[in-house]
Each structure stands twice: as C-alpha cells, then as structure tokens.
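Taken in order, these protein sequences are the chains called A and B. Start counting the first sequence at 1; every next residue gets the next number (the working numbering). Start counting the second sequence at 1; every next residue gets the next number (the working numbering).
Hints are supplied without guarantee of correctness; some may be wrong.
Chain copies aren't distinguished; within one or between two, either way the pair holds.
[Unchecked claim] Below are the SDA-like pairs computed for lysine to any residue, each with C-alpha atoms no more than 25 Å apart in a straight line:
| id | residue 1 | residue 2 |
| --- | --- | --- |
| 1 | K3 | T217 |
| 2 | K47 | G86 |
| 3 | K210 | H56 |
| 4 | K2 | L60 |
| 5 | K3 | G82 |
| 6 | K47 | A66 |
| 7 | K210 | D75 |
| 8 | K51 | R65 |
| 9 | K47 | G84 |
| 10 | K80 | D114 |
| 11 | K2 | V221 |
| 12 | K3 | I76 |
| 13 | K210 | Y124 |
| 14 | K47 | N36 |
| 15 | K51 | E81 |
| 16 | K3 | L209 |
| 17 | K3 | I87 |
| 18 | K3 | E85 |
| 19 | K51 | V89 |
| 20 | K51 | L193 |
| 21 | K47 | R65 |
| 22 | K2 | E85 |
| 23 | K3 | I203 |
| 24 | K2 | G191 |
| 25 | K2 | S74 |
| 26 | K47 | D63 |
| 27 | K2 | P189 |
| 28 | K80 | V41 |
Since the hints were made in silico from the structure, they are not lab data.
There are 2 protein chains.
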Amino acid sequence: MKKAVVLLSGGLDSMVCAALAREGGYWVVALTVDYNQRHRVELEAAKTIAKRLADHHILLPLDLRAFGGSALTSDIAVPKEGVGEGIPVTYVPARNTIFLSLALGLAEASGARDIFIGVNALDYSGYPDCRPEFVAEFERLANLATKAGVEGERITIRTPLLDMTKADIIRTGMRLGAPLHLTHSCYDPVGDLACGQCDSCLIRREGFLKAGVEDPTRYAVG
Amino acid sequence: MKKAVVLLSGGLDSMVCAALAREGGYWVVALTVDYNQRHRVELEAAKTIAKRLADHHILLPLDLRAFGGSALTSDIAVPKEGVGEGIPVTYVPARNTIFLSLALGLAEASGARDIFIGVNALDYSGYPDCRPEFVAEFERLANLATKAGVEGERITIRTPLLDMTKADIIRTGMRLGAPLHLTHSCYDPVGDLACGQCDSCLIRREGFLKAGVEDPTRYAVG
C-alpha cells in the first residue's frame with residue numbers, strides 16, 4: 001500500500017487534505033508539529049482528527065518560540081481588523097519550509113514518497129510559503145537533498161487544495177464525510193471559543209457562509 | 001553590525017565555519033540542534049565552542065529519533081570498515097534541509113540575512129545534502145519562502161568550506177587561532193574517547209595528518 005506523510009495542524013485545510021489522501025488510497029502518516037504556538041488548542045484537534053483519518057500519528061515538539069518573530073510565537077498581538085494587504089504579523093518565519101523539511105525527513109525514513117500539505121493560495125493570509133512557486137521549488141529541493149531523490153525514487157509534494165476557495169474546501173470535506181466539526185482555525189482563542197475576529201476566523205466564517213454549510217464553530221464575537 | 005546565523009554542530013567543520021563568520025565581521029548567532037543524536041557529546045562541544053565564537057547561542061531540541069532511518073538516530077550500527085562508495089547509513093534523512101530551514105526561520109526572526117553552514121563536498125561522507133547544487137537550490141527556496149526574501153532583502157547561504165579539503169579546513173582553523181581541540185567529530189564515541197574507526201574519525205585523522213597538525217583527539221583505536 002502506498003504511504004504518504006500528511007502535515008496535520010488541526011485546522012480545516014490540513015484535515016480535508018488528510019481526508020483526500022485517504023480517499024486516494026494512501027496509508028497516512030500524519031505529522032503535527034507542536035511549535036509552541038499561541039493557539040495550542042489546535043494540537044488537541046489534530047490528535048482527535050488523526051484518530052479518524054491517520055494510520056499513524058507523530059506529534060513532534062519543536063519550540064519556534066525560541067526564535068519568535070510572529071504573533072503566533074511571541075507576545076505580538078493577533079490583528080483583529082480584517083484581512084489586509086501584504087504579509088501579516090501572524091506569518092511565522094519559514095514555518096512551511098521547516099514543516100515540509102520535517103515531513104521530508106519522516107517520509108524518507110518511513111518509506112513514503114508523497115507528502116501532502118494543505119496550502120491554498122486563494123482564500124489565505126498572504127503567506128509567501130503557501131504559494132505554488134514555493135511548493136514547486138521545495139519539490140525540486142527535496143529530490144536533490146535526499147538519498148531517495150538522488151537514487152531516483154521521486155519525492156512528490158501534493159497540494160490538492162492549492163486552487164480551491166475556502167468554500168470549495170468545505171464542500172470537499174462535506175462530500176468526503178470528513179469531520180469539519182473537529183477542526184480548529186482560530187489564532188487567538190478565548191477559552192473554548194474561537195475569537196471570531198482574526199484573519200483565520202474571518203476566512204473560515206466566510207467560507208462556510210459561501211459553501212452554504214453551517215459552521216460548527218462557537219465564536220466569542222458573533 | 002551585520003548579523004549571521006551559523007549552524008554549529010560541535011564538529012570541526014562548523015567550528016571553523018563559525019570562526020570564518022567571526023573573521024568576516026558578523027555578529028554570530030549560533031544554532032545547535034539537539035536532534036537526539038547518538039554522539040550527544042558533540043552538544044557539549046558546541047556549547048563550549050559557542051562561548052568562544054558566538055555572540056548568542058541557541059540549543060534547540062528536535063527529536064529526529066522519532067523518525068529514525070539513520071545510524072545516528074536509531075539502533076543501526078555505525079560502520080567501521082572505512083569510507084565506502086555511495087551514501088552511508090549515517091546519512092540522516094533530510095538533516096541539512098531541516099537544519100537550514102531552522103536557520104532560515106531564526107535568521108528571518110532575528111534580522112540576519114546570512115546563514116553559514118560548514119558543508120564541504122571533497123572530504124565528506126557522500127551525503128546528498130552537502131553538495132553545492134543542494135545549497136544553491138536551498139538559497140533559491142529561501143528567497144521564495146520568506147517575507148524577507150519576497151520583500152527584496154536577499155537571504156544568502158554561505159558555505160566557505162565547500163571546496164576545501166579537510167586539511168585545508170584544519171589549516172584555516174590554525175590560521176584563525178580557532179579552538180580545534182574543542183571540536184568533536186566521532187559518530188560513535190566510547191566513553192570520553194573517539195572511536196577512531198567511523199567515517200568521521202577516519203576523515204578527521206587523515207585531515208590532521210595531511211595538514212601536518214597534531215590531532216588533539218584521543219582515540220579508542222589508534
């Protein structure tokens with residue numbers, strides 16, 4: 001059975017991405033990085049989702065708060081004024097490069113040749129490491145960097161959500177019967193509630209609205 | 001003052017690389033990854049070296065033993081039959097991709113635009129992620145992946161040892177008055193002694209011999 005490493009954050013996109021990998025017939029190794037993020041509740045979501053969608057789950061601690069430089073890994077406040085232009089302060093320096101590198105190491109060590117990452121470049125926060133050119137470049141690197149790549153076993157980075165809107169992703173989740181209600185998107189939760197105002201909440205809410213699907217999230221600000 | 005992130009393992013190459021960064025006038029942020037490697041003594045070496053050569057040192061735990069797939073991160077034995085052809089089992093899947101990604105995150109978060117890594121492609125173990133084409137590709141990725149790169153602040157990967165033999169590296173260390181005696185190279189130490197038989201010991205010993213410099217290392221097998 002073909003094996004894939006799927007980066008699983010606990011958010012909506014990575015969950016649907018895992019469900020698509022599963023639908024594609026892969027044995028799914030889910031990798032979640034505990035990067036000491038502000039929204040630690042997503043780690044609990046990832047664990048619950050992995051029980052449903054993964055054959056094996058690795059939760060790897062990596063304290064990116066040691067580097068800081070982001071609202072998600074330092075005391076910088078999460079913006080609540082709507083999705084703006086440019087790259088917001090919730091950008092975590094090199095996060096997807098780090099995560100894909102880790103997925104690459106795990107893939108090579110475990111015999112997987114496909115890596116799934118739930119990036120999308122339509123309804124997103126403008127992060128440079130979610131763009132198709134970044135993913136294509138990482139795939140080139142992966143095949144130069146590894147024993148597997150050098151020996152001719154092609155490593156492929158799969159991004160099934162790349163050209164989907166958030167509404168498309170939600171509809172795809174519905175079609176697959178995937179557990180949308182277990183996902184967590186908010187960057188700055190208030191107790192058990194999503195804040196309802198950060199970029200991630202705003203994009204999620206609009207996605208559910210456009211998809212015509214009821215959003216199972218409980219928001220602090222309605 | 002210009003700032004650089006230097007990957008510092010505690011080995012000979014990364015120490016000389018740090019000394020060269022310092023000679024180049026950089027404020028040096030050293031990054032050491034505790035990847036739960038077999039030769040944990042190199043972490044102690046890195047700490048001692050950092051006190052001499054770095055302005056700031058980060059020791060970051062990242063348990064690559066959770067992935068395995070290498071003699072350095074699992075129970076696979078370290079080969080002692082001489083440096084062979086092909087990529088040896090001491091290769092750690094995607095290690096330099098992971099380390100450079102972390103250095104990239106730290107560089108971006110701390111305002112450094114130069115990253116030093118002590119790879120060399122002459123007297124080395126045949127790892128794919130030590131080759132010049134790998135480094136060039138990573139640099140391309142770094143400038144696509146980051147806010148800094150996208151906003152036109154060029155990220156540069158510096159590899160001053162790339163075309164040096166091990167003897168050249170040792171001579172360079174001598175010229176700089178760098179603490180060669182504090183470095184640790186052995187993959188499979190026997191108590192306080194280097195094994196004297198792994199690839200890393202063999203390459204080191206031959207380097208000192210060719211450089212005409214006394215090797216300060218104490219070996220278990222002479």
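Going down the list of hints, with the structure as the test:
In this homomeric assembly, K3 and T217 never come within 25 Å of each other (Cα to Cα): the closest approach is 32 Å inside a single copy and 44 Å across copies. Proximity of K47 and G86 under a CA criterion of 25 Å is satisfied in neither setting, with 32 Å inside one chain copy and 39 Å between copies. In this homomeric assembly, K210 and H56 never come within 25 Å of each other (Cα to Cα): the closest approach is 34 Å inside a single copy and 49 Å across copies. Proximity of K2 to L60 under the C-alpha cut-off of 25 Å is restricted to the intra-copy arrangement: shortest distance 23 Å within a copy versus 33 Å between copies.
For the identical chains of this complex, K3 and G82 are neighbours neither inside a copy (39 Å) nor across copies (34 Å), given an alpha-carbon limit of 25 Å. In this homomeric assembly, K47 and A66 come within 25 Å of each other (Cα to Cα) both inside a single copy, at 24 Å, and across copies, at 17 Å. Within a single copy, K210 and D75 get their C-alpha atoms no closer than 33 Å, and across copies no closer than 52 Å, so neither meets the 25 Å cut-off. In this homomeric assembly, K51 and R65 come within 25 Å of each other (Cα to Cα) only across copies, at 23 Å, whereas the closest approach inside a single copy is 28 Å.
In the homo-oligomer, the alpha carbons of K47 and G84 never lie at most 25 Å apart, since the shortest distance is 32 Å inside one protomer and 43 Å across protomers. Neither within a single protomer nor between protomers do K80 and D114 lie at most 25 Å apart by alpha-carbon distance, with minima of 36 Å and 33 Å respectively. In this homomeric assembly, K2 and V221 never come within 25 Å of each other (Cα to Cα): the closest approach is 44 Å inside a single copy and 45 Å across copies. Only between protomers do K3 and I76 lie at most 25 Å apart by alpha-carbon distance; the minimum there is 23 Å, versus 39 Å within a single protomer.
For a Cα distance limit of 25 Å, the shortest separation of K210 from Y124 inside one copy, 15 Å, qualifies, whereas the shortest one across copies, 56 Å, does not. With identical chains, the CA atoms of K47 and N36 are at most 25 Å apart both within one copy (15 Å) and between copies (24 Å). For the identical chains of this complex, K51 and E81 are neighbours neither inside a copy (36 Å) nor across copies (44 Å), given an alpha-carbon limit of 25 Å. Taking CA atoms no more than 25 Å apart as the test, K3 paired with L209 passes in neither setting, with 35 Å inside one copy and 47 Å between copies.
Taking the shortest Cα distances, K3 and I87 sit within 25 Å of each other only across copies (23 Å), while inside one copy they are farther apart (34 Å). Taking the shortest Cα distances, K3 and E85 never come within 25 Å of each other, neither inside one copy (38 Å) nor across copies (29 Å). With identical chains, the CA atoms of K51 and V89 are never at most 25 Å apart, being 32 Å at best within one copy and 33 Å at best between copies. Taking identical chains as interchangeable, the C-alpha atoms of K51 and L193 lie at most 25 Å apart only when both belong to the same chain, with a minimum of 23 Å there against 46 Å between chains.
Taking the shortest alpha-carbon separations for K47 and R65, both the intra-copy value of 21 Å and the inter-copy value of 20 Å come in at or below 25 Å. For the identical chains of this complex, K2 and E85 are neighbours neither inside a copy (41 Å) nor across copies (30 Å), given an alpha-carbon limit of 25 Å. In this assembly of identical chains, the alpha carbons of K3 and I203 never lie at most 25 Å apart, being 32 Å within a copy and 37 Å across copies at closest. In this assembly of identical chains, the alpha carbons of K2 and G191 never lie at most 25 Å apart, being 40 Å within a copy and 42 Å across copies at closest.
In this homomeric assembly, K2 and S74 come within 25 Å of each other (Cα to Cα) only across copies, at 24 Å, whereas the closest approach inside a single copy is 39 Å. In this assembly of identical chains, K47 and D63 lie within 25 Å of each other by CA distance both inside one copy and across copies; the values are 18 Å within and 19 Å between. For the identical chains of this complex, K2 and P189 are neighbours neither inside a copy (37 Å) nor across copies (38 Å), given an alpha-carbon limit of 25 Å. Proximity of K80 to V41 under the C-alpha cut-off of 25 Å is restricted to the intra-copy arrangement: shortest distance 19 Å within a copy versus 47 Å between copies.
In summary, the numbered hints that this structure violates are 1, 2, 3, 5, 7, 9, 10, 11, 15, 16, 18, 19, 22, 23, 24, 27.
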